[in-house]
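J.: So the protein sequences, as listed, match chains D and X. Position 428 of the first sequence, counted from 1, bears residue number 623 in our numbering, the numbering being contiguous throughout. Position 410 of the second sequence, counted from 1, bears residue number 605 in our numbering, the numbering being contiguous throughout.
Certain hints may be false.
Pairs involving identical chains hold if they fit within one copy or between any two copies, as the list cannot separate such chains.
Claimed, not checked - Below are the BS3-like pairs computed for lysine-lysine, each with C-alpha atoms no more than 25 Å apart in a straight line:
| no. | residue 1 | residue 2 |
| --- | --- | --- |
| 1 | K295 | K450 |
| 2 | K247 | K540 |
| 3 | K581 | K234 |
| 4 | K484 | K289 |
| 5 | K422 | K598 |
| 6 | K450 | K247 |
| 7 | K450 | K289 |
| 8 | K269 | K247 |
| 9 | K650 | K269 |
| 10 | K422 | K579 |
| 11 | K422 | K657 |
| 12 | K295 | K650 |
| 13 | K247 | K234 |
| 14 | K651 | K625 |
| 15 | K450 | K598 |
Hint data in this document are derived by calculation from the structure and do not stem from the laboratory.
There are 2 protein chains.
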Amino acid sequence: MNLILDMIDISTPVILLNDTDARQIGVLEGDRVTITRIKTKHTIAAPVSITKTLTSQGTATISLGTNENLAAEKGDEIEIRAAPRPASIAFIRKKMDGGKFTREETATIISDMSSNVLSPSEITAYITAAYINGLDMDEVEFLTREMVASGEQITFSKKPVVDKHSIGGVPGNKITLLVVPVIAASGLLIPKTSSRAITGAGGTADLMEALAPVAFSAAEIKTMTEKAGGVIVWGGATNIAPADDMIVTYEYPLKIDARGQMLASIMAKKMAVGSDTCVIDIPIGPGTKIPDEAEGRVLANELITLGNRLGIRVECAVTFGGSPIGRNIGVNLEVSEALSLLEGKRGANSLVQKSVAIAGIALEMTGKTGADSGAEAAYDIIKKGKALKKMLDIIEIQGGDPKVKSTDFPVGEHTFVVPAASDGYVVSVKNQALISIARAAGSPVDHGAGLHLHKKPGEYVKRGEPLLTIYAERGWRLTRAIEEARTSYPVLVEGMLLERISSNR
Amino acid sequence: MNLILDMIDISTPVILLNDTDARQIGVLEGDRVTITRIKTKHTIAAPVSITKTLTSQGTATISLGTNENLAAEKGDEIEIRAAPRPASIAFIRKKMDGGKFTREETATIISDMSSNVLSPSEITAYITAAYINGLDMDEVEFLTREMVASGEQITFSKKPVVDKHSIGGVPGNKITLLVVPVIAASGLLIPKTSSRAITGAGGTADLMEALAPVAFSAAEIKTMTEKAGGVIVWGGATNIAPADDMIVTYEYPLKIDARGQMLASIMAKKMAVGSDTCVIDIPIGPGTKIPDEAEGRVLANELITLGNRLGIRVECAVTFGGSPIGRNIGVNLEVSEALSLLEGKRGANSLVQKSVAIAGIALEMTGKTGADSGAEAAYDIIKKGKALKKMLDIIEIQGGDPKVKSTDFPVGEHTFVVPAASDGYVVSVKNQALISIARAAGSPVDHGAGLHLHKKPGEYVKRGEPLLTIYAERGWRLTRAIEEARTSYPVLVEGMLLERISSNR
């Protein structure tokens, strides 16, 4: 059937047909049609959405997303024919029914997803089915390889190429800003791609952006890494494993974090940047993604197995994730804290210890140091100022100011001190509550927003002494953050009264 | 954050935000925001879609679907704030993790679905999770009751109110056109809602539409049924159990037909029209939805159990569904075949037998006849012309021509006869192949399109005698149908050569 083309300003792949025309063509909501532009004979396929009112009879409306592949113009004559469903849908059905994906099926699904052949609903069905029925190690390997193949890849002639990763969930985790320069300063390559905050108060890419630009192409990442030894860039700006970014986007609204998907997601990014040696930090404890050490070991083994299959040596460090790394949360606060440690100033012990432990494993794996001496060597690189020098090189090569200092990062002028309500030892802090306060204060959008934790678990506090200070760039943000702090009890002091229940209740 | 409103011509609930604005508001793709129209202070929620190019900074674009609840105008000032996720999403996650829905959770999901709070992807996640992890009888009962509550309901003061249903999958199934007038002629009420063809060659609503209008409101269905004893209308035109229609629409692209969903879907339509007595036809055999008798019995028990919980007496008839009911497939061909039997003409035995068997069960259940005499009584109603008279009453009350005859339905002028390639008994016919041929010929859109089956299983045919005749209204449609018939071998004759493989291949 021939129709006149109209266009609509959305990116989702779709063609809107009037219900009478759709009936004539013989298609229902969610079916596929082929669209042929008469003038050029160019043909593409798109999922159908049917409307009684939004598109009139004789007209077909396609999204700008669909037109990317058709390159037609409004008013063009097009021919619409019913088309078969993409093969991916049968494979997704197979997973729904408990089946196992082959390599070819995985390739077809990832390719249909990347080229806008699958509708958002169909991608969600894939994600839901893979979450419920799971992926075994073969399927995870297929998925990883296909995600790598979906985008650009970097190959370095010099080896080894190191990478690091943290499973996440711990606020204030700025160790990448220390680990990368330590490893690069030791003569190894580390092309580190990082993410922005999704639900946290600041991702590594958000922090690095306060120091230098973070959006680069794969080719630029390669050149910069070869020159400076390392980079810290935003993975989302590259075309590295784009299918992974897509899946993560579709998982987000459902708060799914399927294990197989997570394994593939981590390793695809490492494989695509040409890494052969990888250290992975697995924080455990309440409020993190991994509840206990046993589960941490299971995950570690899975990552190591997957790495073996892909030709990447993996070592994992199970770490304590029950309280923040360092004392600062929020972009400028964290950057300042990391830089001040590189500058040799005294600071948060947990931040230094964790950074040199992770960097040390990489030094040992690559033979830069002997067994059990990696952490010491890493600490030495920091103490001698080599890590600071290297970090400034990295900042410079990414286009930032190489003269930057830890004191250059202003905090918001609106502040509030939360005092201790009683004397006692701090028994625990709530990661999630601290993140919520920092976000309410404006993190990560407002660089000066965040909080400083005066007391951490095990430290003694007297009634009225500060537990934490909140910083915000805007007054109303501070008000919201204070409300959040008042209701969430982020820092628990031994013997503190949480709720008072009267007898006449 | 205050933005200027723009609008887009789609129905899907969505608000498009520029990525910079979204970051400022603190939302990601798939999050929710509240939208407040400053002028009226009216507030609604919508799922966010983020774009770099389609919506510029300072502007928010909502769909017409979203604006249905906001009633704002282009250019209005609106305030956008991050909003929590709907509770339904946590319940869907619970089902993904193998949990069981409570009545309240089911109610929330169905309500969020009906009021456009859930996005298409979220509805798909619900359907996928319910399909994979299943619904037990409690959950199916909750779902049925909530689907009934999602729309209008009919209550009759006179009892009993009969209904019939077929699980479907068999071509040429026009028995509703005989069963409804028989039951109504016996003095019972039967407010029958039917569907249009989804993947078939013609649904009952498509057939009835050749005789009279089929789109009516719930109130009209009630009035007409009280007057004429019965109606045959299109369920999709009513507001009866609309949530069920929505779920079916979302299941279709994935070719899912989840058992729990199917049970709820069938019984919700019956309960909503006030039925207390229901006969359900379960066709079994190759090409139907139910492969064998054992599975048919399981389904029958589930339908009876669910009926009991809802206060509806259910009996099921497991029938042979391996070949078409009657000999005609296609709108006019089927209507003509059904009317001619009501007119007392000789015709397809399978159609009469099945119709009186199903109608007879209803007569026995309601005490209109004794045990084992229902079918005979039903046949008697047809033979005495009472069913024809009642059918003409029903056609008249729905606005059709009460003088209509079985000879008033022209077939397409483009015809082709498929001859037998050899002598022998017909051993089987392929339902799916017959449907494909009829659809290729133009069914159900072209009323004159379809096919007539000259020989059915067990009948003897001589080489060159007609097996089936194809009818089409348009030449190119006939060509397509012939191609379909040539490649699909719809009628198998004993000893027929299916493929010839030569030695020099």
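J.: Give a verdict on every hint.
T.: Now for the hints, and whether the structure bears them out:
1. K295 - K450: Both, since 24 Å and 19 Å are each at most 25 Å.
2. K247 - K540: This pair counts as neither: shortest intra-copy Cα distance 68 Å, inter-copy 42 Å.
3. K581 - K234: Intra 64 Å, inter 60 Å, cutoff 25 Å: neither.
4. K484 - K289: Only across copies: K484 and K289 sit 18 Å apart there, 29 Å inside one copy, limit 25 Å.
5. K422 - K598: within (19 Å within a copy, 91 Å between copies)
6. K450 - K247: Answer is between: at 24 Å across copies they meet the 25 Å cutoff, but 34 Å inside does not.
7. K450 - K289: both (24 Å within a copy, 11 Å between copies)
8. K269 - K247: Both. Shortest intra-copy (20 Å) and inter-copy (22 Å) distances satisfy the 25 Å Cα cut-off.
9. K650 - K269: neither (63 Å within a copy, 52 Å between copies)
10. K422 - K579: within (22 Å within a copy, 97 Å between copies)
11. K422 - K657: neither (51 Å within a copy, 85 Å between copies)
12. K295 - K650: neither (50 Å within a copy, 43 Å between copies)
13. K247 - K234: neither (28 Å within a copy, 31 Å between copies)
14. K651 - K625: Within one copy only: 11 Å inside a chain, 74 Å across chains, cut-off 25 Å.
15. K450 - K598: neither (41 Å within a copy, 61 Å between copies)
The structure is inconsistent with the numbered hints 2, 3, 9, 11, 12, 13 and 15, although it conforms to all the rest.
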